[in-house]
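Work the whole structure out from these sequences, hints included.
There are 2 protein chains.
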Amino acid sequence: MHILVTGAAGMIGRKLTARLVKDGGLNGKSIDRLTLIDVVAPEKPAGFSGAVELSASDLSAAGIAAKAVASKPDVIFHLAGVVSGEAETDFEKGYRVNLDGTRALLEAIRAAAYKPKVIFTSSIAVYGAPFPRSIPDEFHLTPLTSYGTQKAICELLLADYSRRGFLEGVGIRLPTICVRPGKPNKAASGFFSGIIREPLSGHEALLPVADSVRHTHASPRAAIGFLIHAASLTPEKLGPRINLAMPGISCTVGEQIEALRRVAGDKVAGRIRRAPDELVQRIVAGWAERLDATRARELGFKAEAAFDDIIRTHIEDELGGKIA
Amino acid sequence: MHILVTGAAGMIGRKLTARLVKDGGLNGKSIDRLTLIDVVAPEKPAGFSGAVELSASDLSAAGIAAKAVASKPDVIFHLAGVVSGEAETDFEKGYRVNLDGTRALLEAIRAAAYKPKVIFTSSIAVYGAPFPRSIPDEFHLTPLTSYGTQKAICELLLADYSRRGFLEGVGIRLPTICVRPGKPNKAASGFFSGIIREPLSGHEALLPVADSVRHTHASPRAAIGFLIHAASLTPEKLGPRINLAMPGISCTVGEQIEALRRVAGDKVAGRIRRAPDELVQRIVAGWAERLDATRARELGFKAEAAFDDIIRTHIEDELGGKIA
Numbered sequence: 008m009h010i011l012v013t014g015a016a017g018m019i020g021r022k023l024t025a026r027l028v029k030d031g032g033l034n035g036k037s038i039d040r041l042t043l044i045d046v047v048a049p050e051k052p053a054g055f056s057g058a059v060e061l062s063a064s065d066l067s068a069a070g071i072a073a074k075a076v077a078s079k080p081d082v083i084f085h086l087a088g089v090v091s092g093e094a095e096t097d098f099e100k101g102y103r104v105n106l107d108g109t110r111a112l113l114e115a116i117r118a119a120a121y122k123p124k125v126i127f128t129s130s131i132a133v134y135g136a137p138f139p140r141s142i143p144d145e146f147h148l149t150p151l152t153s154y155g156t157q158k159a160i161c162e163l164l165l166a167d168y169s170r171r172g173f174l175e176g177v178g179i180r181l182p183t184i185c186v187r188p189g190k191p192n193k194a195a196s197g198f199f200s201g202i203i204r205e206p207l208s209g210h211e212a213l214l215p216v217a218d219s220v221r222h223t224h225a226s227p228r229a230a231i232g233f234l235i236h237a238a239s240l241t242p243e244k245l246g247p248r249i250n251l252a253m254p255g256i257s258c259t260v261g262e263q264i265e266a267l268r269r270v271a272g273d274k275v276a277g278r279i280r281r282a283p284d285e286l287v288q289r290i291v292a293g294w295a296e297r298l299d300a301t302r303a304r305e306l307g308f309k310a311e312a313a314f315d316d317i318i319r320t321h322i323e324d325e326l327g328g329k330i331a
Numbered sequence: 008m009h010i011l012v013t014g015a016a017g018m019i020g021r022k023l024t025a026r027l028v029k030d031g032g033l034n035g036k037s038i039d040r041l042t043l044i045d046v047v048a049p050e051k052p053a054g055f056s057g058a059v060e061l062s063a064s065d066l067s068a069a070g071i072a073a074k075a076v077a078s079k080p081d082v083i084f085h086l087a088g089v090v091s092g093e094a095e096t097d098f099e100k101g102y103r104v105n106l107d108g109t110r111a112l113l114e115a116i117r118a119a120a121y122k123p124k125v126i127f128t129s130s131i132a133v134y135g136a137p138f139p140r141s142i143p144d145e146f147h148l149t150p151l152t153s154y155g156t157q158k159a160i161c162e163l164l165l166a167d168y169s170r171r172g173f174l175e176g177v178g179i180r181l182p183t184i185c186v187r188p189g190k191p192n193k194a195a196s197g198f199f200s201g202i203i204r205e206p207l208s209g210h211e212a213l214l215p216v217a218d219s220v221r222h223t224h225a226s227p228r229a230a231i232g233f234l235i236h237a238a239s240l241t242p243e244k245l246g247p248r249i250n251l252a253m254p255g256i257s258c259t260v261g262e263q264i265e266a267l268r269r270v271a272g273d274k275v276a277g278r279i280r281r282a283p284d285e286l287v288q289r290i291v292a293g294w295a296e297r298l299d300a301t302r303a304r305e306l307g308f309k310a311e312a313a314f315d316d317i318i319r320t321h322i323e324d325e326l327g328g329k330i331a
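Protein sequence lines, in the order shown, are assigned to chains G and Z.
Numbers given in this note's numbering equal positions in the first sequence, counted from 1, plus 7.
Numbers given in this note's numbering equal positions in the second sequence, counted from 1, plus 7.
A few of these clues could be false.
All copies of an identical chain are treated as equivalent in the list; a pair is satisfied when it fits inside any one copy or across any two copies.
[Claimed, not checked] In silico lysine-lysine, BS3-like type, Cα no more than 30 Å apart, as pairs:
| hint | residue 1 | residue 2 |
| --- | --- | --- |
| 1 | 51 | 190 |
| 2 | 100 | 74 |
| 3 | 100 | 29 |
In case anyone wonders, no lab produced these hints; they're calculated from the structure.
And the structure:
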């Protein structure tokens, strides 16, 4: 089996590639070839004995998408895209990369006249406030960012290309990924991870919002699980509504902190410092708090059972089991 | 005031132009200039004393959209598009005209750096079965045609361009327009109009579905009213959710026929012949039966009160008050 991963150099892309290499197969077939694409050069995955093609290229540039699918990969994980903040500050780049890049990939597949499985990472940014207490699967998409708009458009394209028989698409709306490893970044959502990650490694973390703020989270490990599971779903099982809200843990910031205290103790939880930030508060107020994700759960997608598990997963996967 | 109408040679485009000319103004300002665009040459509207520019051109072709907005029309009615059937049979043309054409128009407006009002005709084809008994305003869009997909994508673009301040958009999802004047066409929805229009002019009409089939209708006159009213709405009144399901009359085919009998008598209603068609039955089964359209009603959009009114409107507007 030949697998193509776009956005392969990103956090999810690297973890997905590592998981595919570790599993050695997908849907019961062994993986003998990997094509990894990103705008920055992806690294050669360690421990993979099959053929690997690495490409530093932009799918929205002429001819790149056609080249990427010329060898007809069986499964395509399409993760590439510019993030929310960048799509908002650079309007043209957001549309070029997130919309035109995806459309170029879908068109290249149509032109290649074969029918791969395409798993696309959408986002809960497709939703826009006001929301009900918990968002049902049939709630409309009224994004309040260009990023969310681009994701919602790509979902519609993926569904139409699937319906027309050009590919077998699955769009998965990822909740906020937490605990995000690495350095603190400037994303408005960064603190959700920061208040767990930083204290666990001995550093102070700033909390810009009230303890009562509620949000939905899934670990990087759960997100990789969603991708792998999405690849196993048949069109018969999915039906025409191929874009799915993924499950996650809905909890308040206060509950996140209490979970941290239970898992890592008072000393670690004490490293969080309240530093209210009105801008962040305003941005976060427009985000979804909770999603039913009923269909995804029924289709077998699994998130953690409690936020404590998300913290334990981070300690295992990123800290070698050690707390500072 | 300068008004641009795209798709100006179509049925709605011609009726809208005639109404604008008759009114002489829009939103309390007099109209001194009209630009009419369509792929087939639009006719010069009768009785208009202002400047008229007629253009037979395709918005998706290079430079056309920029030319259309170069003189900065204050209000743009964007009606242009290929219809449902053609978008399904010609995949590339549907995306080029309905998606790329609209995007070219929005991009030309952004490049012209001014902020016109843009009224876009979407369609209830943005919805896809299964539906609840009546579709609420917050129901998701899962179109089951490429046409519906293209309309849903354009709605998302219009909302994002509005949010970013490039224009003031309003998207209106038109129900089935009934009674559609002119010759019978091959559209699967054609019979909804045919069973009224043909008997009223002395001809037999074929009914391919059961009397129990329910659907939502608005007259051409009501549709023009929606467009004019949409142009009067301020961004403050609309809020960020600028795409609206329009109201209509939800009734069964049997109720349509009874209304025809009430308005025009047994002899006219007797010109409908049942001729079941499995293909049409299957297509129609996937269509929305009823929409709440709560927000549109609250915002002042008005449809007919009963199907009888739709028939009377047709007799007045198209038959000079006479029944055959």
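Please flag the earlier hints that this structure goes against, numbers listed from lowest up.
Structure breaks hint 3 only.
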